[in-house]
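Here is how the chains run, residue by residue.
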Amino acid sequence: MSDVTLNTAVAGVPHDASAPRSAPIRQTGAIAWVRQNLFATWLSTAVTLLLAYLILRWTVGFIEWAFLNAIWEVPVVNGQAQTQACREMRGTGACWAVINEKHRFILFGTYPFEQHWRPALVCVLFVALYIVSAMRRFWNWTLVPIWIVTLTVIGILMWGGILGLPYVPQERWGGLPITLILSTFGLALAFPLAILVALGRRSKLPAIKILCVLYVELIRGVPLISLLFMASVMFPLFLPEGMNIDKLLRAQVAITLFAGAYLAEVVRGGLQALPRGQYEAAEALGLSYWQKTGLIILPQALRLVIPPLVNTFIGFFKDTSLVLIIGIFDLLTAGKTAIVEPAWQGFGVEVYVTVGVIYLVFCFAMSKYSQGLERDLNQHRRR
Amino acid sequence: MGETVLEAPVASAMRTDAPPAIVLEGVNKWFGALHVLRDINLQVAAGERVVVCGPSGSGKSTMIRCINRLEQHQEGKIVVDGIELTDDLRSLDAIRREVGMVFQSFNLFPHLTVLENCTLAPIWVRRMPKKEAEELAMEYLTRVRIPEQAKKYPGQLSGGQQQRVAIARALCMKPKIMLFDEPTSALDPEMIKEVLDTMVMLASTGMTMICVTHEMGFARQVADRVVFMDRGEIVESGEPEAIFSNPQTDRLKLFLSQILRGH
Chain A
1 MSDVTLNTAV
11 AGVPHDASAP
21 RSAPIRQTGA
31 IAWVRQNLFA
41 TWLSTAVTLL
51 LAYLILRWTV
61 GFIEWAFLNA
71 IWEVPVVNGQ
81 AQTQACREMR
91 GTGACWAVIN
101 EKHRFILFGT
111 YPFEQHWRPA
121 LVCVLFVALY
131 IVSAMRRFWN
141 WTLVPIWIVT
151 LTVIGILMWG
161 GILGLPYVPQ
171 ERWGGLPITL
181 ILSTFGLALA
191 FPLAILVALG
201 RRSKLPAIKI
211 LCVLYVELIR
221 GVPLISLLFM
231 ASVMFPLFLP
241 EGMNIDKLLR
251 AQVAITLFAG
261 AYLAEVVRGG
271 LQALPRGQYE
281 AAEALGLSYW
291 QKTGLIILPQ
301 ALRLVIPPLV
311 NTFIGFFKDT
321 SLVLIIGIFD
331 LLTAGKTAIV
341 EPAWQGFGVE
351 VYVTVGVIYL
361 VFCFAMSKYS
371 QGLERDLNQH
381 RRR
Chain B
1001 MGETVLEAPV
1011 ASAMRTDAPP
1021 AIVLEGVNKW
1031 FGALHVLRDI
1041 NLQVAAGERV
1051 VVCGPSGSGK
1061 STMIRCINRL
1071 EQHQEGKIVV
1081 DGIELTDDLR
1091 SLDAIRREVG
1101 MVFQSFNLFP
1111 HLTVLENCTL
1121 APIWVRRMPK
1131 KEAEELAMEY
1141 LTRVRIPEQA
1151 KKYPGQLSGG
1161 QQQRVAIARA
1171 LCMKPKIMLF
1181 DEPTSALDPE
1191 MIKEVLDTMV
1201 MLASTGMTMI
1211 CVTHEMGFAR
1221 QVADRVVFMD
1231 RGEIVESGEP
1241 EAIFSNPQTD
1251 RLKLFLSQIL
1261 RGH
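Protein chains in written order, with the numbering used here: chain A, 1 to 383; chain B, 1001 to 1263.
In isolation and in its complexed conformation, chain B is listed as follows (with noise of 0.2 Å):
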């Protein structure tokens, strides 16, 4: 897939003075006995896009959902947007506001239609009046290009379209930072790229990203900076160029290989 996106560089929205928007230092997480992240250090500034790639078990979807907390590190600091992640709940919900997320199933909620689904954050977490949150649903709706479907329910769309829903519910709250985990890998073929294109879009705004992806163009695409993940570490991050072109280690030479062999 790495062919889906073949235009330029999307510029970055970078700013290096600003205070950094994610830190992570020392974060260490297990499930029971298995050590799933170990010693994870990562700065992510303002408007920075990160790729985060790595063989699957290798603790990226978990390093995302640290840090809105969808899973709780045991060791270790976050800090998003200046809030570190402690155990109290206003700080979290603090964070969650500004932390938007989407995920490799959609996960959106079936019972309520397309436009209910983006308007329900707005309305009952940031408590904007009805309209007011239509009005910004719609405008969203229209950027990833599905306004026509607003009163249609989540399963009568297909997954590309319900995975653009996703994106545009998110950023209905308007956060500073968008986590995507895995968007494409639920998708067929010829969905992932209308994804994408929203996704590069989204990155010309200059929203703050972290994207856990396998989407070798993409990553060429927009990012700053792709990270490597094995077995719970980072193993290597710079430059998307450098990173593809001249892999340092075994273990991502290995990965690259793999993941490159399918195109």
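For reference, chain A alone in the conformation it holds in the complex (with noise of 0.2 Å):
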């Protein structure tokens, strides 16, 4: 109170001293935020047109590049694509006919020309899938079901052989339904086991915790490039004779258990968070291991752990491009050798941006999401 008075006093005006005072009204607009930001002083202002000048001009040549001085579309010869005009134009301008003329090899690799409306359905069930389960209004034992038939459909559609769809071998997926089909089941299958894992991390019990930590260490110590090489090329020599599991299923389990470990550290970390208090609360009410964990330490520790999970979670995505060095065609693969015929090499930069693009559309709408769940479920931190 002592400081309003002497304000007012200062200021020379009357002043009730225990009338609330309104906050200070700072200036404002656009022109006073760039001038007390981006031009305050001699240093500040050339920065400031040092970088804009970089900005412009770097934004003015992508432009250029990508859009103005792009190709859009060859001729074709012959079954030959006539690329002279791209590579005429190399270096000053975008040559998007390579995407116009392989893009169905990318996101489907190679798989059967005539069928690829089944990976994308596929890869729209999947899509649909993810929009699904991000609703909460799902959030309940609905969610089982829905997964359990779509994901049946995806592998009904992807191998065929029933319903008169054509059988289309493991050997000849490839691209974009490759790379959600990994990350899907691998994300779906190590989250539970990591919670598990965790759990069994803090147990009483020295057999689970051994064994956990001794999981946890060992697949975190190992890379994930030998853990697949190891999934791939060791894993049959101990299988007996005439027994051989699919290669992407070996893969899969390979991800699933890296997965697994690193998930299990961050669920971890949200278990450590919680104060003791809230199991002895728990504990205290008669709730029983199940129902404490259950109700009342996950539904904590995981909304602790959002950002650290999701971080992972967009890791593993990309990672699973991976398996491309034990032979299996996800869509960075799949990139890579479309532009392997000698009339489209040179034209990676096109492919590779493409192939980008697509990643971050999904790590971007993880992360978005991220944000808002965190929000939401965070809302009884507000006041």
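All clues given are correct.
Straight line, CA to CA, 25 Å or less: simulated DSS-like cross-link-like pairs of lysine-lysine:
no.: 1; chain 1: A; residue 1: K336; chain 2: A; residue 2: K247
no.: 2; chain 1: A; residue 1: K292; chain 2: B; residue 2: K1176
no.: 3; chain 1: A; residue 1: K292; chain 2: B; residue 2: K1174
no.: 4; chain 1: B; residue 1: K1077; chain 2: A; residue 2: K204
Taking beta-carbon pairs under 8 Å as the criterion, some of the chain A residues facing chain B (in silico):
no.: 5; residue: E280
no.: 6; residue: A281
no.: 7; residue: E283
no.: 8; residue: L285
no.: 9; residue: G286
no.: 10; residue: L287
no.: 11; residue: I296
no.: 12; residue: R303
Hints were generated in silico from the structure; no laboratory data involved.
Glycine residues also receive a C-beta, built at the ideal position from the N, C-alpha and C atoms.
Build the complex: two chains, separate frames, hints provided.
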């Protein structure tokens, strides 16, 4: 209160000291902001101008390359793309014709061309599944049959062999469906596994605890690439003659185990952040271990670790591209293979930009969604 | 804070003929090498109100936390409502259903509303239908005089209100015994009274209560017995008047002079 009286005395305005005073009005408006933040001193003015010049130049250059000088189509003669026009524009204009020509291969790999509607539908189904799962209206048991049905339909579409769909062996799958299959199954299975391992690491039973610690430390201590190699090259050596587990399935298992170890540590961080009082209050009320864990501990712990969880999710979505080293055609590998053909050699930038944009769309959606989720689920912490 | 409650003593509902609600016999506990409970013998009759006091680190909280096994005793016997506390999980579940606990730091579940905090255990442990549990919760929230906060989250309430919710939450399990572990120690002075009033109200219903507290006014008004602990032992116990006006041991005299100096 003494501050208030002092201020009014200085200002010379008679003022009731006990009346609430409104916050001082700050200078606002775009021009005031620009002057204050961008042109306050001669140094800041110089930096502003330099950066503005660089940004402008780069933007103009990109627009010229990507749009103004771009070549969208090239003539095809006898099934051979005539890429001379593109080659003449190298460096000054993008050759989007390569995407135009190769987008089906990039998206679906070596899947039989006339059957491409099947993996396309699979991608749509996956996206629909994500959207439905993201809606909190569906966060109950109805989600389980939805997932089972969708994944069954996806399996039927990819393999075929029934309902008049020609059979397509797994070796011919490729592109975006592979990336989505590996990351969806990987994370959907790794997440529950991670929760169990994180709980196990805090178990009072020594056998369970040691098992969980061993799992996390062993898997986390090895690069994903070597796990994939083990799954694809070494694992079959231990199998009896004639028995063969699908290559994709082996990669899937390796990715799931790897993601599980990382996620388990993230979840454990959340468990440790909870005060002991929460455990004690739940126990004192007579809740059983699983009730306590499911109703009190996990809901709070998982909310706390949404940012690192999503971080790990995004990381693994992109890490699925490592399956290329055991010869599985995911989106990135398909993109790389698309430009092996002599006519298209040298147009990697266009292909990689396109593939990058596809990855970005998925990762950005995850990131945006998690921000909203974090805000909504932590409402109780707002006052 | 001794003067917060000045009303007449609350009549006791203690029944000495009934089997004791809580029996501790020769209970010992160590934290590592530290001997925190030494040969504790204590019997609490059904309907009896016991206040436990003593300097910090004297083992009072540990003792009442042993009664619902938030801490495990290493020697001796604890019988609650006729059931002995053993490693058998069924006996533990049975005891925790009958024993309510209120903590110093409230320990409400921050992600659940006040109402959900109260209905959680009745629904999941007692298998009560949701509607019935909500009616019960509203009844107890009314009794602790905060029914209008039912839809809020604990973080939106004051400390005193949170502690009253914690009391209502424990009562929703209809426990036979209530344990209070320094329920007013984390509260601002102006909020202590509202919580103590709630506890006095509860005492008048004939609830068996053990309360660790330094609120001597509350002890005088409500307690049938005051137990003084120091260094893990029960040093003195008796009626509140006798304990406060006529302490027998130097340790109790010292303790009383220390806590009364502040008033």
